[in-house]
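2 protein chains.
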Amino acid sequence: MRAEIIAVGSEMLTPFRQDTNSLYLTEQLNTLGVVVRFKTVVGDRRPDLIGAIVTALSRVDVVILMGGLGPTEDDLTREAVGDALGIALHRDATQVAALHARAASWRIPMPQNNLKQADLLEGAVLLQNPMGSAPGQWLDTVYNTYRKVVVLVPGPPHECKPLFDAEVMPRLREVAPPRAIATRTLKAAMIPESQADKILAPIYSTYTDVETTILAHAGDLQLTLQCTKPTLAAAEERVDELAGRMEEALEEWLYSSDGDTLEQIVLYYLGLRQATLAVAESCTGGLISERITGVPGSSRSFLGGAVVYSDALKMAFAGVPADLIAQHGAVSEEVARALANGIRLRTGATIGLAVTGIAGPSGGTEEKPVGLVCFAVSDAQKTDSMHRTFRGDRKRIREWASQQALDLVRRRLM
Amino acid sequence: MRAEIIAVGSEMLTPFRQDTNSLYLTEQLNTLGVVVRFKTVVGDRRPDLIGAIVTALSRVDVVILMGGLGPTEDDLTREAVGDALGIALHRDATQVAALHARAASWRIPMPQNNLKQADLLEGAVLLQNPMGSAPGQWLDTVYNTYRKVVVLVPGPPHECKPLFDAEVMPRLREVAPPRAIATRTLKAAMIPESQADKILAPIYSTYTDVETTILAHAGDLQLTLQCTKPTLAAAEERVDELAGRMEEALEEWLYSSDGDTLEQIVLYYLGLRQATLAVAESCTGGLISERITGVPGSSRSFLGGAVVYSDALKMAFAGVPADLIAQHGAVSEEVARALANGIRLRTGATIGLAVTGIAGPSGGTEEKPVGLVCFAVSDAQKTDSMHRTFRGDRKRIREWASQQALDLVRRRLM
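Going down the list, the protein sequences come from chains A and B.
If you count by our numbering, then the first sequence holds residues 67 to 480, one letter each, in order.
If you count by our numbering, then the second sequence holds residues 67 to 480, one letter each, in order.
Only chain A is shown next, with the shape it has when bound in the complex (with noise of 0.2 Å):
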């Protein structure tokens, strides 16, 4: 089954905004064996919407509509849809009554306009959205004598997903012809692309009937391995087959076999090891704990840890010596190391991990650029350090160097 997905607001038409939906809708469409052949973003002019959804009508079989389901004059996918199909609204009673109890409830006046949310496309199925007041539809319709599916979700992402999850998945699954699809994500960490690509390319390039998509993002690599089969087995015999020997390419590189973000398997093997994580943080400002902490349940093993962005800082927080720091410099492995000792002696950890770098775009001198970064990881057996010299901007730096510093973490721990 081909499908197009629609992102409707001129937002998404500005240099400021952008549709990032569609990447988790295509990610569940592929998983049903529902291939996403056009995308395309309109503005909130009816004539245009209109237009581009009679254009998908006559590609694709199922149009997938993102947003203007709102209550403003601007929100108007309910009515192109239904220009565009000769379907005709009406008010259904039954939302009419949830958003007036919505309005109650937040013991706010509702407006006459929020009534537009209610409106429903005659033949079509109401998706109820617990996340806001804009309920889906579905709609399972015949245009120019075939079979078309129409599904309006809401735009904001944290309405669309779990609409989309709950309430068009389904729908979907008992639509779309049975297929049977293998998928593994294979990621690794800090290997050299022009590495991953002399050790990958070679292996995967012999499997024609796997689709391998490779995605290299700040010293995280991504490996795609999808497979469509006549029955699960064979799918999943060959997508194994190519994700084994890949594994064994990547050797330590590899962090996970799952689609696990690398902060998920740090956490995942501090709890086997029963251990906990600190962090000092200089030049990556807190986007390493950020990162952790943005794992559900990670409180179990990360304790926190200090942002040391001022020199004073780096003594009150880790004891840091003052003279250390006048003799190496803030930015040396050996600051690195006595921060990485400190946070963990301060707060009882048992892993201590520092950053300390210069992340630009100023700040660097002939003998530390920009980009240079020292990291320490430390227990009660030993400390250890090193440093790289990442290139980009601030942004890149800093990314760069969270990903190494978890990796480091994770391979004191394997």
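If you're looking for bench data, these hints aren't it; they were derived computationally from the structure.
Treat each hint with caution, since some may be false.
Straight-line alpha carbon distances no greater than 30 Å define the calculated DSS-like cross-link-like pairs of lysine-lysine that follow [said to hold, decoys possible]:
#, chain 1, residue 1, chain 2, residue 2
1, B, K461, B, K264
2, B, K214, B, K227
3, A, K227, B, K461
4, B, K434, B, K461
5, B, K264, A, K182
6, A, K214, A, K295
7, A, K227, B, K434
8, B, K448, A, K461
9, A, K461, B, K264
10, B, K264, A, K227
Keep in mind it's a predicted model, so treat the numbers as computed, not measured.
On the provided structure of chain A, position chain B as indicated by the hints.
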């Protein structure tokens, strides 16, 4: 003039990759008064591509195709444009020579299929691509009696952008009717969306000649005003007038009339007051520090802080008394106040900021639900605290909390 940007490439219809060039191209086009009305992503299938081009020709004046210009069998943009317009391709002798010279300079044999890249649409101008082997093309033509400009540019961002700037923009400037465009971006923090609608809609809706784009995300409201007039003075006058009225209506919610981020503004005020900031973060887990230190030069006013994820670290790094936590719980305004005051005293900062809350998905209770976050700001004079309950998932609650926290500092400094 109306434009459509078509990104060509099957990889952009996977869950893993997304067109990003179009944001840059849109920004450039807008400076000429060329408005992007549609964006389309289409894969490397010839009929799909021809269909997308025909659709675009029927609805806009300028069609920009990105990608599909390389030497492989999947690179079909040239052929598809020819099919859509009924125009033949011819092999350009100069370009053939250039491809041979390029291969020779790299000392690599020249594969036969590379010559595809010398195929030029009849009537098109070749656009030099110093960053790669595939040149662009500019075609000023007629379709169904209407003048249409069709532009082919390479897909890789480091080839696309310089070629667009150097070769496409000057030609578009000659074609586009002269326009004068004024733009302003206002930003406000933590204003309830319904409130923003209520006070702003009556204002901007009367300025029908100024296009107002409103973006709201996790407590951050961005208003972009754009006006096109025969002269720049006339456009600026209208934008300034509307901006002035909106600024007045937004009162203290407004934090920037220049497009700055909230963290930039906080750092700006800190610099102005010669004040320093330190942060104790629990549920935000480093996000506030990460946002602040993402700004170059933040080290002048930001000392750092502590990620006090465990109760023990709340005591160790911010001196929160154990019995205060026992009495009120770690998520309480009392503990937030002790954290803010403690981190300020420990670090010697002028201002201490603290956040403690329940980011979920678990850990909530009847009395203290997921999403409850307590905040405190402390300086030598006083310590203020507040709490809020945010909805959404862990990521969203943390984003809202970081925004609220930064806004409290801004208001204290104002």
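Here is what the structure says about each hint:
Under the criterion of a C-alpha separation no larger than 30 Å, the hint pairing B:K461 with B:K264 is consistent with the structure, at around 28 Å. Distance check on the hinted pair: B:K214 and B:K227 sit about 22 Å apart at the alpha-carbon level, within 30 Å; holds. Taking the CA atoms of A:K227 and B:K461, the gap is about 14 Å. The hint holds against a cut of 30 Å. As the CA atoms of B:K434 and B:K461 are separated by approximately 18 Å, the hinted pair is consistent with the 30 Å bound.
Distance restraint check for B:K264 and A:K182: the Cα-Cα separation of roughly 18 Å lies within the 30 Å cut-off, and the hinted pair is therefore satisfied. For a cut-off of 30 Å, the pair hint linking A:K214 to A:K295 stands: about 26 Å separates their Cα positions. Note on A:K227 and B:K434: the hinted pairing holds, with a Cα-Cα distance of about 26 Å set against a maximum of 30 Å. Restraint check: the Cα-Cα separation between B:K448 and A:K461 comes to about 35 Å, which exceeds 30 Å; the hinted pair is violated.
For a cut-off of 30 Å, the pair hint linking A:K461 to B:K264 is broken: about 37 Å separates their Cα positions. For the suggested pair B:K264 and A:K227, the alpha carbons sit about 28 Å apart, so the restraint of at most 30 Å is met.
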